[in-house]
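Residues per chain, in single letters:
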Amino acid sequence: MNTDSLDTSRLMRNQFKLRFAKCELIDLTPSSVSSDLEFRNWILRQPEGKTLRRCYQCGRCTGACPIAEIDQSFNPRLFLEKVILADESLAENQLIWTCLTCEQCEVRCPEHVKIPQILILAKVRGLVAGNTPQTALDRARTILSEGRTIQVSDPMLKTRDKMGLPSLGSPPVKQLAEALKDLGLVEKLENIESIYGGDRDE
Amino acid sequence: MSKAIEYTYFPGCMIPFRLPHFELTMREVLRRLNIELIADEGHTCCPEPTTFTGVDYEAWLTVGARNIAVSESTGRDTMALCSGCFHTLSMVRYTLQSDNETRERLNKRLKRIGMIATGEVAVKNILHVLHEDVGLERIRKSIVQPLKNLSIAAHYGCHLVRPIEATHMDDAEDPMWMEDLIEVTGAKPVDYPDKMACCGAPISPSDESKSFVLAGEKLLKIRDAGADAIVLVCPTCYTQMEMQQKKAIEHLDPEFSLPILYLGEMMALAMGMSDLVVENARRYHRVKIQPLLEKMGVGK
Ligand code: SF4
Ligand code: SF4
Numbered sequence: 001m002n003t004d005s006l007d008t009s010r011l012m013r014n015q016f017k018l019r020f021a022k023c024e025l026i027d028l029t030p031s032s033v034s035s036d037l038e039f040r041n042w043i044l045r046q047p048e049g050k051t052l053r054r055c056y057q058c059g060r061c062t063g064a065c066p067i068a069e070i071d072q073s074f075n076p077r078l079f080l081e082k083v084i085l086a087d088e089s090l091a092e093n094q095l096i097w098t099c100l101t102c103e104q105c106e107v108r109c110p111e112h113v114k115i116p117q118i119l120i121l122a123k124v125r126g127l128v129a130g131n132t133p134q135t136a137l138d139r140a141r142t143i144l145s146e147g148r149t150i151q152v153s154d155p156m157l158k159t160r161d162k163m164g165l166p167s168l169g170s171p172p173v174k175q176l177a178e179a180l181k182d183l184g185l186v187e188k189l190e191n192i193e194s195i196y197g198g199d200r201d202e
Numbered sequence: 001m002s003k004a005i006e007y008t009y010f011p012g013c014m015i016p017f018r019l020p021h022f023e024l025t026m027r028e029v030l031r032r033l034n035i036e037l038i039a040d041e042g043h044t045c046c047p048e049p050t051t052f053t054g055v056d057y058e059a060w061l062t063v064g065a066r067n068i069a070v071s072e073s074t075g076r077d078t079m080a081l082c083s084g085c086f087h088t089l090s091m092v093r094y095t096l097q098s099d100n101e102t103r104e105r106l107n108k109r110l111k112r113i114g115m116i117a118t119g120e121v122a123v124k125n126i127l128h129v130l131h132e133d134v135g136l137e138r139i140r141k142s143i144v145q146p147l148k149n150l151s152i153a154a155h156y157g158c159h160l161v162r163p164i165e166a167t168h169m170d171d172a173e174d175p176m177w178m179e180d181l182i183e184v185t186g187a188k189p190v191d192y193p194d195k196m197a198c199c200g201a202p203i204s205p206s207d208e209s210k211s212f213v214l215a216g217e218k219l220l221k222i223r224d225a226g227a228d229a230i231v232l233v234c235p236t237c238y239t240q241m242e243m244q245q246k247k248a249i250e251h252l253d254p255e256f257s258l259p260i261l262y263l264g265e266m267m268a269l270a271m272g273m274s275d276l277v278v279e280n281a282r283r284y285h286r287v288k289i290q291p292l293l294e295k296m297g298v299g300k
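Protein chains in written order, with our numbering: chain A, 1 to 202; chain B, 1 to 300.
In short, the hints are calculated from the structure, not lab data. Misleading hints may appear alongside valid ones.
[Said to hold, decoys possible] Within a straight-line C-alpha distance of at most 20 Å, the following computed SDA-like cross-link-like pairs (lysine to any residue) qualify:
| id | chain 1 | residue 1 | chain 2 | residue 2 |
| --- | --- | --- | --- | --- |
| 1 | B | K108 | A | E178 |
| 2 | A | K50 | B | P146 |
| 3 | A | K174 | B | N107 |
| 4 | B | K108 | A | D182 |
| 5 | A | K162 | B | S274 |
| 6 | B | K108 | A | A177 |
| 7 | A | K174 | B | K111 |
| 8 | A | K162 | B | K210 |
| 9 | A | K162 | B | K221 |
| 10 | B | K221 | A | A64 |
| 11 | B | K111 | A | A177 |
| 12 | A | K181 | B | M115 |
| 13 | A | K158 | B | L19 |
| 14 | B | K210 | A | Q94 |
| 15 | B | K111 | A | K50 |
| 16 | B | K108 | A | Q46 |
| 17 | A | K50 | B | Y57 |
| 18 | B | K295 | B | G272 |
| 19 | A | K174 | B | I113 |
| 20 | B | K111 | A | Q94 |
| 21 | B | K108 | A | G184 |
| 22 | A | K174 | B | G114 |
| 23 | A | K181 | B | R112 |
| 24 | A | K162 | B | K295 |
| 25 | A | K181 | B | R105 |
| 26 | A | K50 | B | E58 |
| 27 | B | K111 | A | E178 |
| 28 | B | K108 | A | A64 |
| 29 | A | K162 | B | E255 |
| 30 | B | K111 | A | K158 |
| 31 | B | K108 | A | V173 |
| 32 | A | K50 | B | Q97 |
| 33 | B | K108 | A | L183 |
| 34 | B | K3 | B | L19 |
| 35 | A | K50 | B | M271 |
| 36 | A | K181 | B | L252 |
| 37 | B | K111 | A | V173 |
[As the list claims (entries may be wrong)] Not close to chain B: a few residues of chain A, all C-beta gaps over 10 Å, as computed:
| id | residue |
| --- | --- |
| 38 | R53 |
| 39 | Q57 |
| 40 | G63 |
Quick caveat, the model's predicted, so the values are computed rather than measured. Each residue gets a CB set at the ideal place from its N, CA and C atoms; glycine is no exception.
Isolated chain A, as found in the complex (with noise of 0.2 Å):
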């Protein structure tokens, strides 16, 4: 599977222009990119996001990073670029959710580019396309259903109850579904599908 290969000339030009424009990112010409120019704009406004105008692409993040070394099609400093040009192929790259939002790369980053973060900012934006773990989508049901990420079960309290632990009461779940309906996310995950399947194997 290659989905990391981009249009040589393309490459070579924005490179170009990114090296040269350290702090002030330049707009691509619409023609010159695929379809996700909105991500990218609004990602750049993020307060995460607007440190990848910083970004010079030495790729130091990329030598630091745990994953790169076991696997070279994970490629920080690729991903960073693909947010830059807009690439559309990120969202549905399933690789951004092997990050392991250890932010070594963060800490090895000459510019302090907010790179976890940002691979954050990307599976949100995978989550339209079903690039999400079965398990994310499982959790986070759970979160907002139990106000907790596991169902708390009669053994587990009476342990709590053996060892002397005072009771932790149930969630108010109903307040934490009325702080979020604006984001309509239990909307969301009712509709989503995971791409990964029950269970991937490699």
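Please arrange chain B with the ligands on chain A, whose structure you already have, making use of the hints.
Positioned in the frame of chain A, the structure of chain B with the ligands alone reads:
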């Protein structure tokens, strides 16, 4: 004794229900240091920072801000035992403090449920409380059974430490607070390569095999450095290192055994509360800790 210092306890999901021996041992350790943890029933899941963020980042911020608002209403500093919870709460707090636009947007949602979050009240992890608030000297005085024969490696895990501007830890690449605590208990801290390397747990939902490789590498490096055990804070790292070690034993090395201790267990042992640890050892440890206890002359 003077009145106990109180913290609002942020429980999260994993520790209170799946690994309650974490809470049990740490509460007792803190009690010896005259600290009480007060739970508030208004808290929900933090929400966890490794998958919920990638489903809906804005919802993550909102639920996190609601938890901060609950915490702030208690008037006490909040302490989260779990690194995931601590990471979420400190990130959201940092956002509330540093980004006016987002703070206003989040508070518009909270206003619907009669709440407000400012980001002004501190969110701490257990290392802040032990190392910074209590201090090593006071802890040293409460050690009655020094762990003299043991060499222990600290695993911090990513989310406890990074990003440093939100976590207020000592260092992003070479934190030392846990080593200081190991030393205070009388054990020998073990240095090993790539100390801040991730345990691999966050990607087990998307790529189990990579997750295993990372945990395996970490365990090997720690064993080769000569550690008798690993001490850690995070329930997710704990589960990962124990489960993957079982797998490593099957696949790589049947002799492999590197006990994983929760920080509260290590401190409870050194404070003379080994019963608390021994009682729960079988139920909550997949990797046997008995050899470790024997080496320090505790248990059977
Ligand atoms: S290390 Fe920083 S500046 Fe260099 S490519 Fe990565 S994000 Fe860009
Ligand atoms: S946060 Fe993600 S991209 Fe960055 S070093 Fe860790 S795994 Fe690699």
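Quick rundown of the hints versus the structure:
1. Proposed proximity of B:K108 and A:E178 is supported: the alpha carbons are some 12 Å apart, at most 20 Å.
2. With a C-alpha separation of about 50 Å, the suggested pairing of A:K50 with B:P146 is violated against the 20 Å cut-off.
3. Between A:K174 and B:N107, the direct Cα distance comes to roughly 18 Å. Compliance with the 20 Å bound is thereby established for this hinted pair.
4. Between B:K108 and A:D182, the direct Cα distance comes to roughly 11 Å. Compliance with the 20 Å bound is thereby established for this hinted pair.
5. Proposed proximity of A:K162 and B:S274 is supported: the alpha carbons are some 18 Å apart, at most 20 Å.
6. Proximity of B:K108 to A:A177 is assessed by CA-CA distance (about 14 Å); at most 20 Å being required, the pair is judged to hold.
7. Straight-line distance between C-alpha atoms of A:K174 and B:K111 comes to about 15 Å, which keeps the hinted pair within the 20 Å bound.
8. Taken as a hint, the A:K162 and B:K210 pair is broken in the structure, with Cα atoms around 38 Å apart against an allowance of 20 Å.
9. The straight-line distance between the Cα atoms of A:K162 and B:K221 is roughly 38 Å, outside the 20 Å bound, and the hint therefore fails.
10. Straight-line distance between C-alpha atoms of B:K221 and A:A64 comes to about 18 Å, which keeps the hinted pair within the 20 Å bound.
11. A distance of roughly 13 Å separates the Cα atoms of B:K111 and A:A177; the hinted pair therefore holds under the 20 Å criterion.
12. For the hint pairing A:K181 with B:M115, the CA-to-CA distance comes to about 15 Å; that is within 20 Å, so the pair holds.
13. With a C-alpha separation of about 13 Å, the suggested pairing of A:K158 with B:L19 holds against the 20 Å cut-off.
14. Proposed proximity of B:K210 and A:Q94 is supported: the alpha carbons are some 14 Å apart, at most 20 Å.
15. Of the pairs offered as hints, the one joining B:K111 and A:K50 is violated, with about 28 Å between alpha carbons and a cut-off of 20 Å exceeded.
16. In summary, the hint linking B:K108 to A:Q46 is supported, as the alpha carbons are separated by about 18 Å, within the 20 Å threshold.
17. For the hint pairing A:K50 with B:Y57, the CA-to-CA distance comes to about 16 Å; that is within 20 Å, so the pair holds.
18. Restraint check for B:K295 and B:G272: the C-alpha separation of about 15 Å stays at or below 20 Å, so the hint holds.
19. For the given pair, A:K174 sits about 10 Å from B:I113 by alpha-carbon distance, which is consistent with the 20 Å threshold.
20. Only pairs whose Cα atoms come within 20 Å are accepted, and B:K111 paired with A:Q94 is rejected, the gap being roughly 37 Å.
21. Between B:K108 and A:G184 the CA atoms are separated by roughly 16 Å; this keeps the pair inside 20 Å, and the hint holds.
22. This hinted pair checks out: A:K174 and B:G114 have alpha carbons roughly 13 Å apart, not beyond 20 Å.
23. Distance check on the hinted pair: A:K181 and B:R112 sit about 10 Å apart at the alpha-carbon level, within 20 Å; holds.
24. Among the hinted pairs, A:K162 with B:K295 is inconsistent with the structure: their alpha-carbon atoms are about 29 Å apart, more than 20 Å.
25. Taken as a hint, the A:K181 and B:R105 pair is honoured in the structure, with Cα atoms around 14 Å apart against an allowance of 20 Å.
26. Restraint check for A:K50 and B:E58: satisfied, since their Cα atoms lie roughly 17 Å apart, inside the 20 Å limit.
27. Straight-line distance between C-alpha atoms of B:K111 and A:E178 comes to about 10 Å, which keeps the hinted pair within the 20 Å bound.
28. The straight-line distance between the Cα atoms of B:K108 and A:A64 is roughly 39 Å, outside the 20 Å bound, and the hint therefore fails.
29. For the suggested pair A:K162 and B:E255, the alpha carbons sit about 35 Å apart, so the restraint of at most 20 Å is broken.
30. Note on B:K111 and A:K158: the hinted pairing is violated, with a Cα-Cα distance of about 36 Å set against a maximum of 20 Å.
31. Between the alpha carbons of B:K108 and A:V173 the distance comes to roughly 18 Å, so the proposed pair stays at or under 20 Å and holds.
32. Among the hinted pairs, A:K50 with B:Q97 is consistent with the structure: their alpha-carbon atoms are about 17 Å apart, no more than 20 Å.
33. Using a Cα cut-off of 20 Å, the hinted pair B:K108 and A:L183 holds, with the two alpha carbons roughly 13 Å apart.
34. Note on B:K3 and B:L19: the hinted pairing is violated, with a Cα-Cα distance of about 29 Å set against a maximum of 20 Å.
35. The straight-line distance between the Cα atoms of A:K50 and B:M271 is roughly 49 Å, outside the 20 Å bound, and the hint therefore fails.
36. A hinted pair counts as satisfied when its Cα atoms are at most 20 Å apart, and A:K181 with B:L252 does not qualify at roughly 49 Å.
37. Proximity of B:K111 to A:V173 is assessed by CA-CA distance (about 16 Å); at most 20 Å being required, the pair is judged to hold.
38. Look at A:R53: its CB is around 17 Å from the nearest CB on chain B, clear of 10 Å, so calling it non-interface holds up.
39. With a cut of 10 Å on Cβ distances, A:Q57 stays outside the contact zone with chain B, its closest approach being about 22 Å.
40. Taking the minimum C-beta to C-beta distance to chain B, about 14 Å, the non-interface status of A:G63 holds against the 10 Å cut.
The structure fails to meet hints 2, 8, 9, 15, 20, 24, 28, 29, 30, 34, 35, 36 from the earlier list, while all remaining hints are met.
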